[in-house]
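There are 2 protein chains.
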Amino acid sequence: MPLYKAPLRDMRFVMFELMQGDEIAALPGYEEFTRDLIDPVLEEAAKICEEVLFPLNRSGDEEGCTLENGVVRTPKGFKQAYDLFREGGWTSLACDPAYGGQGAPSVVNTFVSEMICAANLSFGMYPGLSHGFYKALHAHGNEALKAEYLPKIVDGTWSGTMCLTEPHCGTDLGLLKTSATPQDDGSYSITGTKIFISAGEHDLTENIIHLVLARLPGAPKGTAGISLFLVPKFLPTEDGRPGQRNGAAVGSIEHKMGIKASSTCVMNFDGAKGWLVGEANKGMRAMFTMMNEARLGVGMQGLGIAEVAYQNAVAYARDRLQGRALSGAKQPEKPADPIVVHPDVRRMLLTARAYTQGCRALAGWAAQAIDVSKHHPDPVKRVEADDFVALVTPIVKALMTDLGFEVANIGVQVYGGHGFIREHGQEQYVRDCRIAQLYEGTNGIQALDLVGRKMGAHAGRYLRTFFHPVSDFIQTKMEDEALGEFVQPLAKAFVRLQQATAEVARRGLARPDEAGAAATEYLRLFGLVALAYLWARSAEISLPKVGTDQDPDGFYRAKVATARFYMERLLPQTSGLFAAIMAGGKSIMAFEEADF
Amino acid sequence: MPLYKAPLRDMRFVMFELMQGDEIAALPGYEEFTRDLIDPVLEEAAKICEEVLFPLNRSGDEEGCTLENGVVRTPKGFKQAYDLFREGGWTSLACDPAYGGQGAPSVVNTFVSEMICAANLSFGMYPGLSHGFYKALHAHGNEALKAEYLPKIVDGTWSGTMCLTEPHCGTDLGLLKTSATPQDDGSYSITGTKIFISAGEHDLTENIIHLVLARLPGAPKGTAGISLFLVPKFLPTEDGRPGQRNGAAVGSIEHKMGIKASSTCVMNFDGAKGWLVGEANKGMRAMFTMMNEARLGVGMQGLGIAEVAYQNAVAYARDRLQGRALSGAKQPEKPADPIVVHPDVRRMLLTARAYTQGCRALAGWAAQAIDVSKHHPDPVKRVEADDFVALVTPIVKALMTDLGFEVANIGVQVYGGHGFIREHGQEQYVRDCRIAQLYEGTNGIQALDLVGRKMGAHAGRYLRTFFHPVSDFIQTKMEDEALGEFVQPLAKAFVRLQQATAEVARRGLARPDEAGAAATEYLRLFGLVALAYLWARSAEISLPKVGTDQDPDGFYRAKVATARFYMERLLPQTSGLFAAIMAGGKSIMAFEEADF
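Residue numbers (this note's numbering), protein chains in the order written: chain Y, 2 to 597; chain E, 2 to 597.
In case anyone wonders, no lab produced these hints; they're calculated from the structure.
Small disclaimer: the values here were computed from a predicted structure and weren't measured.
Every clue listed holds true.
Chain copies aren't distinguished; within one or between two, either way the pair holds.
DSBU-like mimics (lysine-lysine), calculated; alpha carbons at most 30 Å apart, straight line:
(1) K546 <-> K587
(2) K493 <-> K587
(3) K335 <-> K587
(4) K331 <-> K283
(5) K331 <-> K587
(6) K222 <-> K335
(7) K546 <-> K493
(8) K6 <-> K48
(9) K478 <-> K587
(10) K222 <-> K331
(11) K6 <-> K80
(12) K587 <-> K6
(13) K455 <-> K331
(14) K178 <-> K331
(15) K178 <-> K335
Isolated chain Y, as found in the complex (with noise of 0.2 Å):
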């Protein structure tokens, strides 16, 4: 049977001691949030999430959504587990306390996101969802919409979606073609078709809300021309309850890889009442403000399935006998040795182990940020998180679901063929993760917007928030000699790093192309660095404390350790990176596209 063990101890590390988490509780607005407070959060949240949610997420999946005359029904067990995280308060997590939210930062519900996705990706998906509505109705609507809807977003009695995309298009959305029609009564009169709905039909909540982009008559084209209105599927009657049908409803939900028991739903507006949400023709700026925390969403999807999958592994690891080990019987008394034993079982789950938790330190950072770009009281720091936070948000978007979906198949491949069967539930999740490499924006994409947008941004202003922290740290710890097998490393590949990213500026300015040409092994490149400074910054946090009676668990010991592994075994990859940037584009936009 699979299992879930929500990692506590290692989100306590990267919030208060690699993070100095403390200082979230500094800042205004997030004072209660102290440690105290903290802890006793993401200890709710792992127990209903190991206890209620987990185990819904096989039969989820083998059971599926169905539609029938226009009704969406979820899995066996999934309305009540949805009730049971309604009235946990897990919707109002992280929202405005003026809406009834209890306005966490973004840090705790980052790791709340990881459990949630690490436990039920396709549960996590209705709550995820209407948590990104209530997102974009908070900072574009008006305070008559915002006060009708956002307390029964924020309590979760009604839900909420984003309906972008269309039949043919997804990345332009340029080329949409929903119509809005002003009424005489100051709504709008929505007509058109959107596709990959999540959450778009369900039975967990009494009224579902969608956000959707449409054309205004005479708007311009392309993006410059997309509204957003409010349109919810029952009209709310004055006193605040569900009332008339309005003309939005689910045509058909798709038969997907994975992440079954997420409605993906066509949703079908026929003339429905919609209302404008912030200004005409600004509604792909309402999209941009939230996409950001959007894409770190879709990230801690990747890291969350890693988590899980690495657990399973190790679990399996343990406990299936198989051969010997190649220096000698470890456990002669029984018929095998624990396939643990075998160097090349021990490499898989360290790399699964190093990125999982290379990838949490990071998540850890953004979110971080996220929160002194909202809330610090000098207007520089926020400009410098704000400034980060950009930046990095491609980064965690692909290298994260990129490297969930390496260790989801890591996960895969420790049990063998039993790997492949169902019922051990670990190829589950990589159909699930698969998702994340291409939602929100493919990991292409990202990569696009890494080189293309943030790369150059006000003359690399973007840029200095990361390099100059990691050029420092590696300033000062160049001669400690304790940390030198970690900040050698990290400083070769940082000087690849540099060079490369002035490399693809110099040619992209010439020719996009090139910078276009560069960008997915450039933003690896650039994610791996990222996490070898976390690492060897975890490595200098830990050493102090191996083999004292600080580490009764060898917690310490085993972040020093993977550390290492991580230096010597997953860093290298960057040369190979840098050689393929440096190489260019030639010959990649050479080739004739009647040749392929």
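Following the hints, complete the assembly by docking chain E onto the known chain Y.
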């Protein structure tokens, strides 16, 4: 709708230009197999694969196999397709004419296999396993058994299976428990449970014959006490019809990630009547003699999936309009450019192409060596070819399935969110392909085979069959200016491989764990260098033809351009692999087991 067109042009390039396949017809026993015969055989194979097997691939995945009252039903259309397949002579293609086979060379059979795997991997499992049975019985059975069973297996009226794995043992067959008790009539009574038995039960043939590994009473422990038995589902009557039901029955079928139309059975043998194949206690040896070809066959599964995923990705990239080329609109009359204009999409397609065609060349090389090893009149040539097959087998199996999986995932990624939707067919390739990295020895086991058994065998004799031709090629072509861009990167990567080989061999002698810890990266390094050699040779052949009337459709132009991409953008991975190998296994083996 998914598409598949057999890549006959590239297969001919590999067989008749890269490998000088005319030499095959010069081998005794293969005189018939001149290009005049091989071409139409491949064309006929393409036809049945494209027109009969491929249209059942998606429906087979959706429907899967069902078990009811001990009967396994294959998906709709499979039986009719199998009848056509059998009547077309495809089960007998590579079989001994003495038993009704057509005696085709391995190189022909290999490319036919690729097409079958590309068109319908699940379907291919049935004749594939049967061919494994054929080979084992042909090599090890006595004349009576061969005369009784082989003609029916060869003509496809009956099918065969290989029953090795048990619940507690897969890799470690020494642990198996199934028992064989001698009977007065010279037969044996077989009792035990086998799992993961592909084609163990189905409705395609009138009888199913199992080859079962089991222990005789008092047999030595471990692999030295395993014997091989033939156990029919129906005991044949004297006139060769299926007679009395034997005690071999399907217990359940597995629910799997992919290859859902292939029945994967738990087989219960309950006092089933069987006959010894080969010598008592020599069952493992019988298995090993056929394992090379089975592993090459699994490699072809990776290749077949890669090809079909690539083809569909290309078609989608040409068709899907999204965004504008970074260098300015390419099709300004359309609402957007096709995504094939985007550098990152081209990078993905070229990666898929370079791996796929490179693997096809490697497969052709290995298959031709099999033919030479069996049919060459010069025993020195036979041994040399056999050495090469032994060396390259784990590489073909692991590299081609790992890269096949990577390409299948590229196939999904090019589709964006649509890749996750089942109806487009791309996600099925990811699921189907995943098994190939696991069965017939996980890819980690292949890597151990390479470093543990093959590398040091006969003082490096196997290695020389690869190192010498590559080294000769580099020395001969080093000064060739036109080839420099291909030969120089090959030479650099080859030096890495030579140094890594020496280092792994040296360390492995003292500490076997060190070889184990390097194995996976070493196999990948080896495989990438092998592809580099084949790409350099492909470029050498193609360069003089580019721009001449020998290249009306740009085939050679594309070869050269793909070779260039491979050298510039993919081969650099070898530097990171080299560094990881040279770092050694200490960080892997020193990690405390309790700390995972």
